[in-house]
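Since each chain sits alone in its own frame, please combine them into the complex, following the hints.
Protein chains in written order, with the numbering used here: chain A, 7 to 119; chain B, 6 to 120.
Label pairs and their computed distance ranges (CB to CB):
1) A:G47 x B:L120: 17 to 23 angstroms
2) B:G8 x A:K77: 30 to 36 angstroms
3) B:A7 x A:K114: 27 to 33 angstroms
4) B:Q85 x A:M84: 45 to 51 angstroms
5) A:D37 x B:G45: 25 to 31 angstroms
6) B:R21 x A:L52: 36 to 42 angstroms
7) B:Q46 x A:A76: 22 to 28 angstroms
8) A:T34 x B:R21: 40 to 46 angstroms
9) B:R102 x A:M84: 29 to 35 angstroms
10) B:R102 x A:G23: 37 to 43 angstroms
Simulated from the structure, these hints should not be mistaken for laboratory data. Don't be surprised by glycine CBs; every beta carbon is placed ideally from N, CA and C.
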Amino acid sequence: QQQVKQSPQSLIVQKGGISIINCAYENTAFDYFPWYQQFPGKGPALLIAIRPDVSEKKEGRFTISFNKSAKQFSLHIMDSQPGDSATYFCAASSTGGYQKVTFGTGTKLQVIP
Amino acid sequence: EAGVAQSPRYKIIEKRQSVAFWCNPISGHATLYWYQQILGQGPKLLIQFQNNGVVDDSQLPKDRFSAERLKGVDSTLKIQPAKLEDSAVYLCASSLRTGIADTQYFGPGTRLTVL
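Only chain B is shown next, with the shape it has when bound in the complex (with noise of 0.2 angstroms):
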C-alpha cells in the first residue's frame, strides 16, 4: 500500500511570497488533515477534511492560509503572502474515516523556509 505522498519536500521563499504544497492521501481514505510542525514543537493542526468538505478549519490563519480537496482526494495548502513565522514543515495525514479512534497515516512533510 502507498503511503501518503506531499510535494515539494524542500522549499525557500521570501516573504510576501506565495507557496503551495500538494498531498495525495492513501487511496480510500475518506478524511484528510495538514498539521503544521514549527521546529521543536508537536504537530497543530490546520485543517481537517472529510471527503471534500471542510470538517475544523479553526486554527487555519483564513487571511494567508488556504486549502483545497477537490474530488475528495488530492489536497493543496497555499499561503499567500507568506511571513517568516510560516517557516515550519507542513505535514498531511490521512485516515480512512473519522468519528473514531482511526489511525493517521502522515507523509515526509514539506520543510517551508520563510527568509
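Extracted from the complex, chain A is given alone in its bound form (with noise of 0.2 angstroms):
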C-alpha cells in the first residue's frame, strides 16, 4: 500500500516536445506529492510538488496534474530542452506526523536536438 508506480521507465522526447511521465497510488493517506529531478552524480532536488486539493499546479514549463478519484498524476514538461534530461521521480507522502516520503522507480529522460 506504501508503493507508488511510475511509468515509463525511460523515455526520449525531441525538443520541444512534451514529456509526460505518469505515476500511481494507493495510500489514501497520501497527501502530498512532489517531483525530484536528478542528474548524474547529482542528488535529487524538488522540482515541483502539488496537494490533492487542486487538480493542476504548473510552475514555468513544468506542470503537474492530479486526478484524485483515479489516485493517479502525472508531470508534463512543456516545450522539452537538452537540459531537461535527467531522471525524474515522482513521490508521495502523509504529513500527518512526520512526514515520510514513499519514492517511485524514477523515468530516464532523454531530449534530443
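This is the structure:
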C-alpha cells in the first residue's frame, strides 16, 4: 500500500516536444506529491509539488496534473530542452505526524536536439 | 546557503568489511534522512532523525546498519559487515522541520561498491 508506481522507465523526446511521466499510488493517506529531478552524480532536487486539493499546478514549463479519484498524477514538461535530460522521480507522503516520502522507481528522460 | 555535505563521495570495500558515511545537513535543519538508492531505483528511506532522536527506522537493516546523529547536527551511517547487495548510493537529506510538506534537500550521495 506504500508503493508509488511510475512509468515509463525511460523516455526519449525531441527538443520542443512534451514529456509526460505518470505515477499511481494506493495509499489514500498520501496528501503531498512532489516531483524530484536528479542529474548524474547529484542528489535529487525538488522540482514541483502538489496537494490533492487542486487538480493542476504549473511552474514555468512544468505542470503536475492530479486525479484524486483515480489516484494518479503526472508530470508534463512542455517545450522539452536538452538540459531537461535527467531522471525524474515522483513521490508521495502523508504529512500527519512526521513526513515519510515514498519514491517511484524513476524515469530517465533524454531530450534529443 | 551551503547545501548538504556528504563524505566520502566514493567508497570501494570487500564484503564483510565495515564502512561509515558522514553527513552534515543544512544549518538549522531539524530533520535528517538517510536514503539508499540502488541503481535504477528510487531512493528508499533507511532512517529519519528529528533533531537527535529517531522517528523512523523501520526499513533499516538493524543487524548490520546503524546510524547516529549526535548533538542534532552531523550524522554518520555505518554498515558492518557489508554485503554485496549493499552496493548503492547512500543519500543524506535534510529539511527544516517535519510533520508538514517540507522540502527535503539532498546531498550528492556516497557511491558504495561492495566487491
